[in-house]
Amino acid sequence: MVYQCVFWLAVHAIFTHIQFGSGKAVGSELSWVRTWYYMSPWFLSWIGVTAGVFFSVDLNNRIYPTPSKRFLAHMLWMVALLMCYWAFCSAARNLVRGEDLSNYWSIFTRVLSTSSQLDVLIYLGVLAAIFSLRFYHKSVQEGIELKRVQHELTQEQLKNLRSQLNPHFLFNVLNTIASLVRLKREKDAVYALSELSMMLRKILETNNESSVKIKDEVAFINSYLAIQKIRFLDKLNTSISVNTDCLELQIPNMILHPLVENAVQHGSQLESNQNPVDLKISRDKDQLKLVMTNKVAKDDTHKGFGIGLTNTRERLSKIYSHFVLELYPLENGIFETRLAIPIEEQDA
Amino acid sequence: MLKVLIVDDEVLARETIKLLLSSLTDVTHVYEAQNGEQALALANQHQPNIIVLDIEMPVMSGIELAKHLPKNSVLIFATAYNQYAVEAFNLNSVDYLLKPFDDDRFYVAFERAKMRLRDSCS
Numbered sequence: 001m002v003y004q005c006v007f008w009l010a011v012h013a014i015f016t017h018i019q020f021g022s023g024k025a026v027g028s029e030l031s032w033v034r035t036w037y038y039m040s041p042w043f044l045s046w047i048g049v050t051a052g053v054f055f056s057v058d059l060n061n062r063i064y065p066t067p068s069k070r071f072l073a074h075m076l077w078m079v080a081l082l083m084c085y086w087a088f089c090s091a092a093r094n095l096v097r098g099e100d101l102s103n104y105w106s107i108f109t110r111v112l113s114t115s116s117q118l119d120v121l122i123y124l125g126v127l128a129a130i131f132s133l134r135f136y137h138k139s140v141q142e143g144i145e146l147k148r149v150q151h152e153l154t155q156e157q158l159k160n161l162r163s164q165l166n167p168h169f170l171f172n173v174l175n176t177i178a179s180l181v182r183l184k185r186e187k188d189a190v191y192a193l194s195e196l197s198m199m200l201r202k203i204l205e206t207n208n209e210s211s212v213k214i215k216d217e218v219a220f221i222n223s224y225l226a227i228q229k230i231r232f233l234d235k236l237n238t239s240i241s242v243n244t245d246c247l248e249l250q251i252p253n254m255i256l257h258p259l260v261e262n263a264v265q266h267g268s269q270l271e272s273n274q275n276p277v278d279l280k281i282s283r284d285k286d287q288l289k290l291v292m293t294n295k296v297a298k299d300d301t302h303k304g305f306g307i308g309l310t311n312t313r314e315r316l317s318k319i320y321s322h323f324v325l326e327l328y329p330l331e332n333g334i335f336e337t338r339l340a341i342p343i344e345e346q347d348a
Numbered sequence: 349m350l351k352v353l354i355v356d357d358e359v360l361a362r363e364t365i366k367l368l369l370s371s372l373t374d375v376t377h378v379y380e381a382q383n384g385e386q387a388l389a390l391a392n393q394h395q396p397n398i399i400v401l402d403i404e405m406p407v408m409s410g411i412e413l414a415k416h417l418p419k420n421s422v423l424i425f426a427t428a429y430n431q432y433a434v435e436a437f438n439l440n441s442v443d444y445l446l447k448p449f450d451d452d453r454f455y456v457a458f459e460r461a462k463m464r465l466r467d468s469c470s
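Protein sequence lines correspond, in order, to chains U and F.
Reminder that position 42 of the first sequence reads as 42 in the numbering used here, one-by-one numbering, no gaps.
Reminder that position 46 of the second sequence reads as 394 in the numbering used here, one-by-one numbering, no gaps.
Calculated from the structure, these hints are not laboratory results.
In this text, a Cβ means the ideal position worked out from N, Cα and C, and glycines have one as well.
Some hints could be false.
[Said to hold, decoys possible] Chain U regions said to be covered by chain F (calculated; three or more residues, Cβ under 8 Å): (1) 176 to 184; (2) 231 to 242; (3) 263 to 271.
Please put together the full structure from these sequences, using the hints given.
What follows is the structure in structure tokens.
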């Protein structure tokens, strides 16, 4: 309402100025204020008409579902509002000039015959502007709603994916701890329990956080590897190398762990010992680069790309528009997984 | 006089079952295999009465292995996976232990295996 008042007052002022200038050029003695006053019925009445158009648009949208009926309703509203406008302005014109209403009909018919076409055009312009405004508001609202739904969906999916931290791993670790206790290796049991606690604490405490520092993700992976080395003894030969300039960078929560888990699963299932699980994390300008090297059985049915990597790819595609996750076969059953993700501005 | 074969890729899991078996006087021989291939070789060579086997193992899964083991051996599955239970019971197994399990649960399973052996002999 305030905006349309300001708009029509501005239009009124501009036309007053033009009229005042024209009058002055032909010797009129009307002051700017008097000119504004005389013209005010024709412009300020549009404030009421515009409010009526807003009302009619909302009403017609609610009442008439079909475009044809809505169009007809808008035409009828236009005729009604403009007739009121002309009737009111014809009377107001005389009143602001201090004249009586004896010539009302002649003024009214003169308005109809001279300025009605312009008024119809102005009305249609107002109607179009209101339609545009309503369309814009609706689009913005829909955009906000869509973003909210997408955000909720993504959060839910991330939550689900996080919850897929292999439950069998948990039961196997508990079994390993039970075995250590049975075998009187209490020190190892306590160590495995503390590492498992660190992992569970991270999963439970990070809850809905979408990103974590690399050093925290690596600490989680170290706990995981420590436990797996208790389980699989000399099956695995693990090493993690992280460049110091990467430690504080933020990455999506649990994005690296599935790659390591995948490598450990392959390595632990091999008959050979000392199977490498090497993780190297470095930074190349605005990209975070991860290289995972591990050994895979020759007859591996997963073709090197397990469910962990598939989930990781799905997660990455939800988070980044551009990323690289590729698998390269090297020699002797060694595979290299390369991951490159952009480093966000706030991380730099 | 029972011969038992333990099949598990984790040393600790094998040692635990060995420990549990050590208190049973009727178990005279215990064999260990860390994968399906080794298990098949040992099973064919020694004809164990009872086989305690894991499911997720290198080379060959426990379910796949069970299909190739001698039919006169009684099977006890011991795994962290619960989704193979139905398949396991269709493969001549007498019990399905979910890791981690306590000692009593293991001995219940072992008793069932012995009962099955007795039933098959009589």
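Going through the hints against the structure:
Coverage of the stretch 176 to 184 of chain U by chain F holds in this model, with 7 residues showing a Cβ closer than 8 Å to a Cβ of that chain against a need of three. Interface restraint, the stretch 231 to 242 of chain U with chain F: holds (3 residues with C-beta to C-beta distance below 8 Å; minimum three). For the stretch 263 to 271 of chain U, the stated coverage by chain F is satisfied: 4 residues place a CB nearer than 8 Å to a CB of that chain, which reaches the threshold of 3.
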